[in-house]
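**Student:** Sequence:
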Amino acid sequence: MAVESFSSASVTELVPRQSSRRSHRLFVALQKEIVLGVLPPEKALTELDLAQRFQCSQGTVREALMQLNEEGLVKRLPNRGTHVAPCNADDARALLQLRREVECSHLDRVMARADAALHDDLHDLLNAMRNAARDRDEYLLSVHDRAFHTRLFEAADLPLVAPILTRCLIHNHRYKILNSQPNRALEETAERHVPILGALEARDVAKLHDLLSHHISTIVDFGPDLTDSGTTE
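Oh and the sequence shown: position 189 is 188 in numbering that gives the first Met the number 0, straight run, nothing missing.
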């Protein structure tokens, strides 16, 4: 199976590209399999096997694996090869707390820069989440969900901080998906973003802070409890 046919163009285009088109398609295909658990934690990956599977060069595979390594989804160690990264509760808890700190500490900057384009983009992403949920496409739902939070934070205009949030988001979603019960309420996941939009449109920073903090803390409503006390801030 050629890599071009493995990942749909629409999904590939939604994920920011940092490499050649061919390696980016492979990166997205492997990201999807890691996030959904098709490639489980600690699974060994070899460039030769992946090149044969996706009918591409080992150079293309190497480039995709390097990007996955930067995202923290694989571990590439000298003399030990490449393995899918672990996915444990301690890491997930730390990343969840870090994500909440990043997203909720700069909402005054977000509100000051919020404009019609931001509102339109967030509404479009909400509708995209709803469509993915109705199609039972959990990976596509996670892509749009991550894009929603990334787009909201972009308004803070803190480009050096944004990659930290991006990393937190991918690992939060991976942990949730790998540990959630089957047949999770995907449509409810999408609708959880509606109150956030309402507070943003009302230009209520305090309410937006409370809603977003609660939203992040209770991401585990659909998976294992990662909070220490079961309460939110």
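Don't take every hint at face value.
As the list claims (entries may be wrong) - Label pairs and their in silico Cβ distance ranges:
hint, residue 1, residue 2, range
1, P194, V160, 23 to 31 Å
2, A184, L76, 34 to 42 Å
3, A111, R52, 12 to 20 Å
In short, the hints are calculated from the structure, not lab data. Using N, Cα and C, we set each Cβ at its ideal position, and we do this for glycine too.
**Student:** With reference to the structure, classify each hint as holding or not holding.
**Tutor:** Here's how the hints hold up against the structure:
{"no.": "1", "hint": "P194 / V160: 23 to 31 Å", "in the structure": "holds, 24 Å"}
{"no.": "2", "hint": "A184 / L76: 34 to 42 Å", "in the structure": "holds, 39 Å"}
{"no.": "3", "hint": "A111 / R52: 12 to 20 Å", "in the structure": "violated, 48 Å"}
Hint violations for this structure: number 3 only, all remaining hints satisfied.
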